[in-house]
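Asker: Order-wise, the sequence lines are chains A and B.
Using the numbering used here, the letters of the first sequence correspond one by one to residues 1 to 319.
Using the numbering used here, the letters of the second sequence correspond one by one to residues 1 to 174.
Keep in mind that the hints are not guaranteed to be accurate.
Unchecked claim - With a Cα cut of at most 25 Å, we get these calculated BS3-like pairs of lysine-lysine:
1. A:Lys264 to A:Lys228
2. B:Lys73 to A:Lys164
3. B:Lys73 to A:Lys75
Stated by the list, open to error - Simulated restraints on C-beta separations:
4. B:Val148 to A:Arg224: 54 to 60 Å
5. B:Leu76 to A:Gln213: 40 to 46 Å
6. A:Thr132 to B:Leu76: 43 to 49 Å
7. A:His136 to B:Thr85: 41 to 47 Å
8. A:Asn83 to B:Met1: 54 to 60 Å
Note that these hints are calculated values from the structure, not bench results.
Since this is a predicted model, take the numbers as computed values, not measurements.
Where a beta carbon is used, it is the ideal one built from N, C-alpha and C, also for glycine.
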Amino acid sequence: MRNPQLDANGGLTHLLTLEGLPPEVIVRILDTAVPFASISERDVKKVPLLRGRSVFNLFFENSTRTRTTFEIAAKRLSADVINLNIGASSTSKGETLLDTVDNLVAMNADMFVVRHSQSGAPHLIAAHLNRTGRAHVHVVNAGDGRHAHPTQGLLDLFTIRHYKQDFRKLTVAIVGDVLHSRVARSLIHGLTTLGTPEVRAIGPKTLLPTAVQALGVQVHHDMREGLKGCDVVVMLRLQNERMKGALLPSAGEYFKHYGLTPEKLALAKADAIVMHPGPMNRGVEIDSAVADGDRSVILPQVTFGIAVRMAVMSILAGN
Amino acid sequence: MALPDAEQTLAALADRMRGAIAFEARFVGIYSGGAWIAERLAQMLPGEHPVGYIDVSFYRDDFQRKGLKPEVKRTLLPFDIEGATIVLVDDVLYTGRSVRAAVNELFDYGRPACIELAVLIDRGGRELPIEATYAGARLAVARDLSVVLSRAADGRLALATEAAADERTGVGDA
Numbered sequence: 001m002r003n004p005q006l007d008a009n010g011g012l013t014h015l016l017t018l019e020g021l022p023p024e025v026i027v028r029i030l031d032t033a034v035p036f037a038s039i040s041e042r043d044v045k046k047v048p049l050l051r052g053r054s055v056f057n058l059f060f061e062n063s064t065r066t067r068t069t070f071e072i073a074a075k076r077l078s079a080d081v082i083n084l085n086i087g088a089s090s091t092s093k094g095e096t097l098l099d100t101v102d103n104l105v106a107m108n109a110d111m112f113v114v115r116h117s118q119s120g121a122p123h124l125i126a127a128h129l130n131r132t133g134r135a136h137v138h139v140v141n142a143g144d145g146r147h148a149h150p151t152q153g154l155l156d157l158f159t160i161r162h163y164k165q166d167f168r169k170l171t172v173a174i175v176g177d178v179l180h181s182r183v184a185r186s187l188i189h190g191l192t193t194l195g196t197p198e199v200r201a202i203g204p205k206t207l208l209p210t211a212v213q214a215l216g217v218q219v220h221h222d223m224r225e226g227l228k229g230c231d232v233v234v235m236l237r238l239q240n241e242r243m244k245g246a247l248l249p250s251a252g253e254y255f256k257h258y259g260l261t262p263e264k265l266a267l268a269k270a271d272a273i274v275m276h277p278g279p280m281n282r283g284v285e286i287d288s289a290v291a292d293g294d295r296s297v298i299l300p301q302v303t304f305g306i307a308v309r310m311a312v313m314s315i316l317a318g319n
Numbered sequence: 001m002a003l004p005d006a007e008q009t010l011a012a013l014a015d016r017m018r019g020a021i022a023f024e025a026r027f028v029g030i031y032s033g034g035a036w037i038a039e040r041l042a043q044m045l046p047g048e049h050p051v052g053y054i055d056v057s058f059y060r061d062d063f064q065r066k067g068l069k070p071e072v073k074r075t076l077l078p079f080d081i082e083g084a085t086i087v088l089v090d091d092v093l094y095t096g097r098s099v100r101a102a103v104n105e106l107f108d109y110g111r112p113a114c115i116e117l118a119v120l121i122d123r124g125g126r127e128l129p130i131e132a133t134y135a136g137a138r139l140a141v142a143r144d145l146s147v148v149l150s151r152a153a154d155g156r157l158a159l160a161t162e163a164a165a166d167e168r169t170g171v172g173d174a
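Work the whole structure out from these sequences, hints included.
Answerer: Below is the structure:
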């Protein structure tokens with residue numbers, strides 16, 4: 001079966017997951033994001049590439065940051081952006097997901113940016129569009145359940161490449177709630193596809209997937225051990241709701257073992273960078289001294305995220 | 001078909017520009033060929049001519065048909081466009097669509113006092129009302145051919161023709 005993200009010529013037509021994407025497709029997105037990054041530094045932060053196209057933000061799950069960055073990216077490409085807060089509209093009246101999509105296609109949508117709490121929802125929409133001969137309408141996964149968040153993975157890769165250049169020499173640690181994190185899954189797939197020799201997953205047993213080694217990562221439960229010699233430390237957000245499910249004793253206990261403090265960061269390489277997908281819980285997974293310190297590239301990640309999303313949308317719209 | 005020697009044509013272009021261009025004119029080369037020529041002209045001509053680079057991929061009018069080309073370079077204009085005298089430099093002037101895109105992009109950086117256009121080869125076939133201020137050579141080239149500039153490791157420029165990727169009008173890279 002053909003990868004549902006690629007057209008017959010191997011061009012990217014939907015972005016659903018980084019898993020299984022050829023490395024040259026990922027590298028092309030990262031390369032294309034470089035010139036887009038400089039557009040956001042100009043007085044006129046806009047190019048006419050997607051003029052006249054309609055991008056629909058379909059957010060079935062709440063998100064302010066991701067939705068905003070997609071909206072900014074689309075607007076800087078001169079597209080028209082329509083934000084639909086689906087939670088408060090048709091679905092609550094009983095309309096199915098695909099009926100909603102068909103109605104929006106009838107309004108001549110060119111692209112859907114989809115966030116959904118169910119893993120696989122963007123794939124369902126893309127497969128539906130492919131099957132019904134409407135593959136010219138593109139789907140971007142903006143986060144689905146525990147499955148994938150490919151544009152976050154790409155912006156993390158872009159950030160790592162920006163500061164560290166060659167993936168083939170790096171040791172990257174991903175710390176925290178890997179079990180529930182689509183951000184972690186997307187980043188792990190991206191890093192291994194681009195040849196990163198050592199990717200470590202660090203966290204308590206209750207927050208690591210049982211067969212996480214199968215993704216090509218090394219597992220550490222002792223954070224101090226796991227951080228040794230790392231070039232990149234990616235902290236994951238600890239979702240407060242996890243505390244209720246008896247996965248963790250308390251936020252204070254978690255911070256003691258898995259919070260990134262200056263003392264723990266000192267175990268990584270002297271020039272190691274610190275990343276976080278946001279929103280941060282200061283004092284839970286990361287100490288303010290680290291979050292605001294000179295090794296933190298958390299805010300550049302946000303800036304790069306816009307350029308990466310511009311690159312994804314323009315590559316999709318051109319295929 | 002017989003093409004002129006690129007180095008001699010470049011010298012002829014520089015002769016036409018010498019004495020005609022503003023002493024403080026800024027050169028903006030359109031990637032890739034125009035960028036090479038802009039760098040060479042900046043050395044050959046009297047005056048101070050800072051060189052900038054422009055990739056018009058985000059401004060092209062054929063995006064709908066052809067999509068985004070694989071390698072987009074970063075537009076780099078290390079000087080103020082506002083009020084500046086700009087000489088836009090390209091290797092081959094053909095349909096005029098690249099120049100249209102470049103002028104649009106320049107205006108997103110500011111309002112230049114004046115924009116001139118210098119090209120190594122003017123091959124005719126315009127689809128827009130655009131003319132070169134300075135041209136190294138003018139020649140007629142069949143529609144099914146592209147004129148391609150290359151640069152050797154030692155920096156020497158050379159011209160060649162190859163089969164055009166797409167014969168439809170308005171698709172030529174220039």
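Asker: Honestly, which of those hints from before does the structure not fit?
Answerer: Hint check: nothing fails, all pass.
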